[in-house]
Amino acid sequence: MTVSTFLSSTLVLGLLEAAPLVLAAVGFTLIFCLNGFINVAYSENITLGAYFAVIFNSILGWNFYLSIIPAALLSGVISVLTYLLLFRPAFKRGVGKTELIILSVGLSYFIRYGSKLLFGNDLYNFNFSSTSYLSFFGIGITTVQLACIGLVVIISLGIYLFIYKTNYGERMRALADNEELAMISGIDPIKVSILIWFIAGTAGGLAGLFYGAFSFVSSSLGWNLILIIIMVTIVGGIGSVRGALIASACVGIITSAVTLLSKPLYGEIVLLIIFIGILKLRKVRV
Amino acid sequence: MEQLFSGYMIYSLSFLLIFIALATILHLQFSIGGIVNFGIVGFWGLGMYAFALLNLKLNIPFVPAVLLASALTGIVSMALGRIILNLDDQAVLVGTLAFATIIEYLATTEKWLTNGVMGFGTIKFPFDLGANTLFVYFLVVLVFLILLMFYVSKIKTSPYGRLLLSIKDNEILSQSLGKPTFRHKIIFFTVTCSLIGFFGAMTAPLYNYIFPRMIGPGITFTIWIALMLGGRKKLLGGFIGILATIGLFDYVIETVVPIPTQYAEMVPNVKFALYGLTLMLVLMFRPLGILGDKKREVKG
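Protein chains in written order, with our numbering: chain A, 47 to 332; chain B, 65 to 364.
Chain B extracted, bound-state conformation (with noise of 0.2 Å):
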């Protein structure tokens, strides 16, 4: 039993469990505030790398340093959003996207401070129970979980989320009825990134060693092709994509099926090359995913 609770099972379920989260975060930010965050790994990157610094330069204890980490996420991500949310949705969608670029390119250059290329660590768990601690920290985060999911599934029927889903249908219809709609789309972007850097500090014990090539842009698309493929209209709809796809390949496949070890390097092509695929497929025939209704909705 100890052993099942201790093992690498557990360590891939907690990551699940992390970008389960991104997921239903970036469905709140996109169906619900009609934010085009494709910077997502930024945020979480800086999380990571913030509460990482705080904790083992400045030994901050674990839980100020989450705190703090993801309180400066917002406060990057709210001088962001002023620059941006009121563009378009082209223009939010490379500016995020930028700005993931430069939080990686900062992670890379400022070795002073990073280590650069090479990364640095240990960073260790909260507490220390032995054989049990991955498997507590598994329930810690799965509760962060489970309450995200639960504040998401309150906010739509709210009177708040209806002024969300308003900003995002008509902006200039709910401007005329004297809603700050700016203001409201930055105070819901600080928060929601912020919870984004939240769930970054709370993986950088998992990874324990951080560097920058695990917060390339290969994590945004890989989160984006999840919820499109999951159900982007749907609370659960980032939970099935992510079990669709990294659920899938990274743990059932790479765990269950027995790959030749002359082809092992060809699996993550493989991999993204269907990721790709199946994200087409998906918006060609089935644009709400999954969970989705069939039909395309008709646009006014």
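Bound-form chain A, shown alone (with noise of 0.2 Å):
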């Protein structure tokens, strides 16, 4: 393998598998910014997603892209519903920031073992009608996948600019910041919490369906994913949407890197070591 040829295909392997990386981490972002817990349940959402699309693809036989929309819209209800079921109710007890992570443990537990009762232990994959192969710097990718990213770099970048350019981002901005201020000056935290809770819900969950049609859709398919939201989470800057951005792009390359140089999985041992080393230098504390 020459030089160029490694750097050409680490990129494109690279970009590739950050692109729904980077809407999970802002998703992921999302919660942490506002809430600020490890919402370990996140990862069901993205479980979800792609088995929502399953449902609306696979099985009542609707266009791939089409059953996005749906799939996509139910995540997000699904994060509202958690949220204003169980994460709510226990901000209101007084559940400390780690019993919260505990917490999210136990309904990410619940939400993944009952989806197993009713999807059962098989890999589903996607109907695409159509797919052809392109050859993008020597590596062979897919239309779909090409599609794919077209489609995730138009989503976050409308969440982006949503954030951090509309009024409705502002306040929300706002709330993440100091609540009591925000309540102050005049916004509704429960509409913002819930309209923050939407969006990464969505976020999730097109994450999950853009995964399952890169690879297969299982019920492990998010909690593979989690320690590597939080990691990019946090190494990105806790709360910061443009970090998390710009991480999840580096550990995409990252990992193809050293996936390419040597076996499968060292990728993410290297990783989980810098993270580890990044934590340190971050010198993370409340």
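Rather than coming from a laboratory, the hints here were simulated on the basis of the structure.
If you're wondering where the values come from, they're calculated on a predicted model, not measured in any experiment.
Take the hints with a grain of salt, since some may be wrong.
DSS-like, lysine-lysine: derived pairs with alpha carbons at most 30 Å apart [unchecked claim]:
hint, chain 1, residue 1, chain 2, residue 2
1, A, Lys143, B, Lys220
2, A, Lys309, B, Lys175
3, A, Lys143, B, Lys175
4, B, Lys220, B, Lys243
5, A, Lys326, B, Lys218
Fit the two chains together into the complex; they arrive one by one in their own frames, and the hints show the way.
If you want it as structure tokens, here you go:
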């Protein structure tokens, strides 16, 4: 392998890997930024997004691109439901931050194995009406992958503009920064929180759906990603959506570079070690 | 009589003892030391793999191999502790979780050492007493568990335990009283993690054959769920919690309740879904678990 093909293939494969991760990381960051805890159950949001798309695409026979819309909306609704039924009551009861994480682990187990009862241990694939291969810097990618990446770029750009450029986005950031101050300024915390959880859920569902489109859908889809998502969020700067965007692109490129140079899984190991190092350097403190 | 002592039941009970020990150590780390260890399975797996490798590849006898494996787990945890223990709880949580994942991945990738996903064996018991071997081993594990429980019950009222509690409740205050809090936390973390490694090494002969899927994150979460359910502030919390989760599901239900074969593969899914539901209910309505008080502590 020459240097130039190595560089181009890490770049292409890395960005391919990172594209859905960007969505998941942005959604996760939104919740982390608003409520200040690591929501492990976000992994199930990702899985459910993929499962919803399976229902519409593989079971009901809808076009893949068409089934994206209801799947994304439904995952947003699920996310809002978890907020209203579990996390909001928990905040009110004064559950501590560490306990909130454990609570989200409980929710994650409940949803993951509950959905396994419905969907079984099977792996699902999406039906694409037409797929052809393209060569891109010597790397073969499918038209579906290309379309997914295009959608990811458009959607993340949309979320980014929404958060940083619109009035609602400003309210969301205000609430995340200082809840009391935001309330005094006349921002309704429940409305805005519901909106954030909805957007986060939609982004997570879309991420799961695109991951499913790149390989297959299983009940552990989201669970396998959650550690990387947590890493990206913390490395990218806690609560910073911009940081999460950059960090997830780096994660994708590093993983594919190490994987191409050595064996699979080494990429993940290297990432985890870098991550523990960065935890130390940033001196994360409450 | 001999049948009973060598049978499946005693084998299951030995595992139950190991998990009770892990839950008790977690109680020690979380409720006395204030360390949120989400990588229990990493230290446990490290002890187990280190013991098995020393015992099988280097032919080191049982007792020194167990001690070396515990010491190695201690050294690794000290290095990890130096990096993450002065960070906040969430960083400790993800740091330990990442550590456990690294251990699981390394057990998979280092095929030359661990034979990868295929795993390796056979790990023998340290003694051969014919049909009674398993029962005697069970008694050995029981003795260590009782010793551990005794140590934990003493530590709470000892000056050292009070020091740990003060670090947990207000680290800056105990720092200002001249206590080297970071050093104490590292020593405490090292000792407790090497204990986890010790019980990991003791598990290896029970498994006989070990492979990476055994050291997945599921074990960490099951132990956490058990401790939260039983009562994280009580010495017997881990004991009660393990009995109510693993004990109830893996042994009582799977051996006593007749489950039709077509539903058999559903059982683990139902089990974990119920674990999750139980955990949520406990945290919402009875935050200190079965043994704990009903009310949530008032935060200052």
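Against the structure shown, which of the earlier numbered hints fail to hold, in ascending order? 3, 5
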